[in-house]
Amino acid sequence: KQEVTQIPAALSVPEGENLVLNCSFTDSAIYNLQWFRQDPGKGLTSLLLIQSSQREQTSGRLNASLDKSSGRSTLYIAASQPGDSATYLCAVRRYLENSGGSNYKLTFGKGTLLTVNP
Amino acid sequence: GAVVSQHPSWVICKSGTSVKIECRSLDFQATTMFWYRQFPKQSLMLMATSNEGSKATYEQGVEKDKFLINHASLTLSTLTVTSAHPEDSSFYICSASRRAGGGNSPLHFGNGTRLTVT
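From first to last, the protein sequence lines stand for chains A and B.
Position 69, counted from 1, in the first sequence is what the numbering used here calls 69; the numbers after and before it change by one each time, with no gaps.
Position 56, counted from 1, in the second sequence is what the numbering used here calls 56; the numbers after and before it change by one each time, with no gaps.
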């Protein structure tokens with residue numbers, strides 16, 4: 001059974017600081033990994049998707065890395081801003097044989113609650 | 001592009017009544033839609049997967065007669081919580097994928113529905 005852990009559970013930083021969010025998963029046989037942002041009471045916004053063959057993806061101030069063999073991913077946020085305050089979720093996708101509905105199962109971590117203070 | 005609209009955003013109902021939640025893909029055809037439930041400070045848990053034109057596949061422990069899912073078109077899936085009880089109070093989120101089963105493509109999420117059963 002795949003388990004996804006995100007550390008820390010909560011993080012508070014001053015504006016302008018660079019920060020790293022961590023995600024680890026127990027089964028390294030993943031298809032891809034996706035980072036999401038969730039604002040309070042809202043749905044998820046996809047930030048970055050890393051395929052299993054890739055090592056990193058970048059979008060603006062965000063950089064996500066993937067080390068599949070060690071079961072780890074990091075999300076790096078540069079020059080943090082108050083608008084970055086949200087919960088960041090990591091999700092890994094696996095391929096499962098003989099799985100009804102969809103062969104691609106997504107497992108989420110509990111998220112890291114980020115607060116960027118002005 | 002890839003906008004998913006979920007309605008209503010919040011609903012309060014009395015115990016024993018039924019509630020329908022709609023999930024629409026506005027600018028793409030969603031071959032597969034996923035329904036998740038999220039309890040406070042917990043990760044998203046997959047409830048069921050629906051492929052257009054076929055019966056939904058439910059995850060273990062999810063009652064299919066209680067959570068009715070219909071995916072009659074490529075742009076609309078509905079989740080009906082029947083005979084709702086206070087323990088069904090939760091945040092329900094749908095996601096949609098162009099590709100059958102999700103595959104390696106990003107998932108696009110709705111903004112969620114906060115259900116409160118009194």
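Since the hints were derived computationally from the structure, they do not count as laboratory data.
Please note that the accuracy of each hint is not assured.
Stated by the list, open to error - Straight-line C-alpha distance at most 20 Å; calculated SDA-like pairs for lysine to any residue:
{"#": "1", "chain 1": "B", "residue 1": "Lys-55", "chain 2": "B", "residue 2": "Glu-22"}
{"#": "2", "chain 1": "A", "residue 1": "Lys-42", "chain 2": "B", "residue 2": "Glu-22"}
{"#": "3", "chain 1": "A", "residue 1": "Lys-110", "chain 2": "B", "residue 2": "Phe-91"}
{"#": "4", "chain 1": "B", "residue 1": "Lys-20", "chain 2": "B", "residue 2": "Thr-118"}
{"#": "5", "chain 1": "A", "residue 1": "Lys-42", "chain 2": "B", "residue 2": "Lys-55"}
{"#": "6", "chain 1": "B", "residue 1": "Lys-66", "chain 2": "B", "residue 2": "Cys-13"}
{"#": "7", "chain 1": "B", "residue 1": "Lys-41", "chain 2": "A", "residue 2": "Asp-39"}
{"#": "8", "chain 1": "A", "residue 1": "Lys-110", "chain 2": "B", "residue 2": "Cys-13"}
{"#": "9", "chain 1": "B", "residue 1": "Lys-41", "chain 2": "A", "residue 2": "Arg-37"}
{"#": "10", "chain 1": "A", "residue 1": "Lys-42", "chain 2": "B", "residue 2": "Asn-51"}
{"#": "11", "chain 1": "B", "residue 1": "Lys-64", "chain 2": "B", "residue 2": "Asn-51"}
{"#": "12", "chain 1": "A", "residue 1": "Lys-68", "chain 2": "A", "residue 2": "Thr-58"}
{"#": "13", "chain 1": "A", "residue 1": "Lys-110", "chain 2": "B", "residue 2": "Glu-59"}
{"#": "14", "chain 1": "A", "residue 1": "Lys-105", "chain 2": "B", "residue 2": "Ser-43"}
To be verified - Away from chain A, derived, C-beta distances all over 10 Å, residues of chain B:
{"#": "15", "residue": "Ile-12"}
{"#": "16", "residue": "Leu-26"}
{"#": "17", "residue": "His-85"}
{"#": "18", "residue": "Arg-98"}
{"#": "19", "residue": "Gly-112"}
{"#": "20", "residue": "Thr-116"}
Where is the CB? At the ideal position from N, CA and C, for every residue including glycine.
Margin query: So if I understand the rule, the pair passes when the alpha-carbon distance is 20 Å or less; does A:Lys-68 with A:Thr-58 pass?
Written below: holds, 17 Å
Notebook entry, point to check: Are all C-beta atoms of chain A more than 10 Å from that of B:Leu-26?
Noted result: holds, 14 Å
Check: For the pair supplied as a hint, A:Lys-110 and B:Phe-91, is the alpha-carbon distance within the 20 Å limit?
Finding: holds, 14 Å
Checklist line | Hint consistency between A:Lys-42 and B:Asn-51 [alpha-carbon to alpha-carbon, up to 20 Å] | finding: violated, 24 Å
Item checked: Minimum Cβ distance from B:Arg-98 to chain A greater than 10 Å, as the annotation requires -> About 13 Å separates B:Arg-98 from the closest Cβ of chain A, which puts it past 10 Å; holds.
Check: Is the Cα-Cα distance between B:Lys-66 and B:Cys-13 20 Å or less?
Finding: holds, 15 Å
Margin query: Given the hinted pair B:Lys-41 and A:Arg-37, is their Cα-Cα distance within 20 Å?
Written below: holds, 14 Å
Item checked: Closest CB of chain A to the CB of B:Gly-112 still more than 10 Å away -> The claim breaks: B:Gly-112 does not keep its Cβ more than 10 Å from every Cβ of chain A (closest is about 5 Å).
Next item on the list: Starting from A:Lys-42, check that the Cα of B:Glu-22 is at most 20 Å away, please.
Entry: holds, 15 Å
Next item on the list: Evaluate the condition: distance from the CB of B:His-85 to the nearest CB of chain A exceeds 10 Å.
Entry: holds, 22 Å
Check: Within 20 Å, alpha carbon to alpha carbon, are A:Lys-105 and B:Ser-43?
Finding: Roughly 14 Å separates the two Cα atoms, so the pair holds.
Check: Is the straight-line distance between the alpha-carbon of B:Lys-55 and that of B:Glu-22 20 Å or less?
Finding: holds, 17 Å
In this structure, the earlier hints numbered 5, 8, 10, 19 are contradicted, and the remaining ones agree with it.
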